[in-house]
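Q: We have chain B; now place chain H onto it with these hints.
From first to last, the protein sequence lines stand for chains B and H.
Those letters in the first sequence? Residues -19 to 110, by this note's numbering.
Those letters in the second sequence? Residues 37 to 171, by this note's numbering.
Read the hints as simulated data drawn from the structure, not as lab findings.
Any given hint might turn out to be false.
A short list of chain B residues far from chain H (calculated; beta carbon distances all over 12 Å) [what the hints assert, rightly or not]: (1) Glu13; (2) Arg64; (3) Gly71.
Distance condition first, Cα-Cα at most 25 Å in a straight line; then the derived BS3-like pairs of lysine-lysine [as the list claims (entries may be wrong)]: (4) Lys(-18)/B - Lys119/H; (5) Lys147/H - Lys42/H; (6) Lys147/H - Lys119/H; (7) Lys41/H - Lys(-18)/B; (8) Lys(-18)/B - Lys5/B; (9) Lys(-18)/B - Lys10/B.
Some, not all, of what chain H presents toward chain B, calculated at C-beta under 7 Å [stated by the list, open to error]: (10) Lys41; (11) Phe70; (12) Met97; (13) Asn170.
Just so you know, even glycine gets a beta-carbon here, dropped at the ideal spot from N, CA and C.
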Amino acid sequence: MKFTIQVNEGPYQHQSADSAYHFAKAALEKGHEIFRIFFYHDGVNNGTRLTTPPQDDRNIVTRWTELGQAHDIDMVVCVAAAQRRGIVDDGEAERNGKDATNIAPGFRISGLGQLVEGGIQSDRLIVFGD
Amino acid sequence: MSDTKKFLFINRKAPYGTIYAWESLEVVLISAAFEQDVSLAFMDDGVYQLTKGQDTSGIGMKNFSPTYAALGDYEITKIYVEKESLEERGLTLDDLQHLVWEDEDEDYAEKDSIRLVSRAELGDVMAEQDVLFNF
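Next up, chain B with everything else stripped away, as it sits in the complex:
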């Protein structure tokens, strides 16, 4: 089955970020396909490489990066939500005159159309959030 996964909550604050990761990993292990993972609302904070959790805790961001790169998953951070919350890649930094970037490897910033397309192209869209 082909899934699109929507992550609506930030890492560490809310279990959604963990649940979405475990779901994605389990789905891939069962041979399913992940068309896209879309990060929305505070979920965009899953995509900052500046996260530094304590060493005895899981690193949610690098976990996403590793999963995404291992399985060539399209991991998209919503541009409108990212702009509000300060998630920045090279293109956004240039467009909005910012002095730094923080997007983590494996993530890209794009529009809400990517979420709608995920709903159209996938067999199931699974939303993780409140």
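A: Leaving out everything else, chain H in the frame of chain B:
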């Protein structure tokens, strides 16, 4: 894009306490460009999103409630409001904005967009959908 799916955006939260309502509306407006069969549902505290006379001047936040009145122009004409959620909060349809759309096939007659449904009926509406977005 050839295939059309039935999309239902479910709005469950009050409008300003969190950003879910506003960012939901942003996806809804984008989805209209994809020529899908889009419906909205309002339940739980989400029914407050449609109340009329919203005034956010005291909290320094943008009042986005006028945007709901534009949904008809985006050809979003099915807005389900759960009856029990209204009643539990002491609200009636009169407390909500009067949302309409213009029916091209009937000489642009104005029609009501809001459909008052029971909890059970809303469950049936959800069961008919291809894609459910929860906000």
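Q: Return the numbers of the hints above that this structure violates; sort them in rising order.
A: 2, 4, 12
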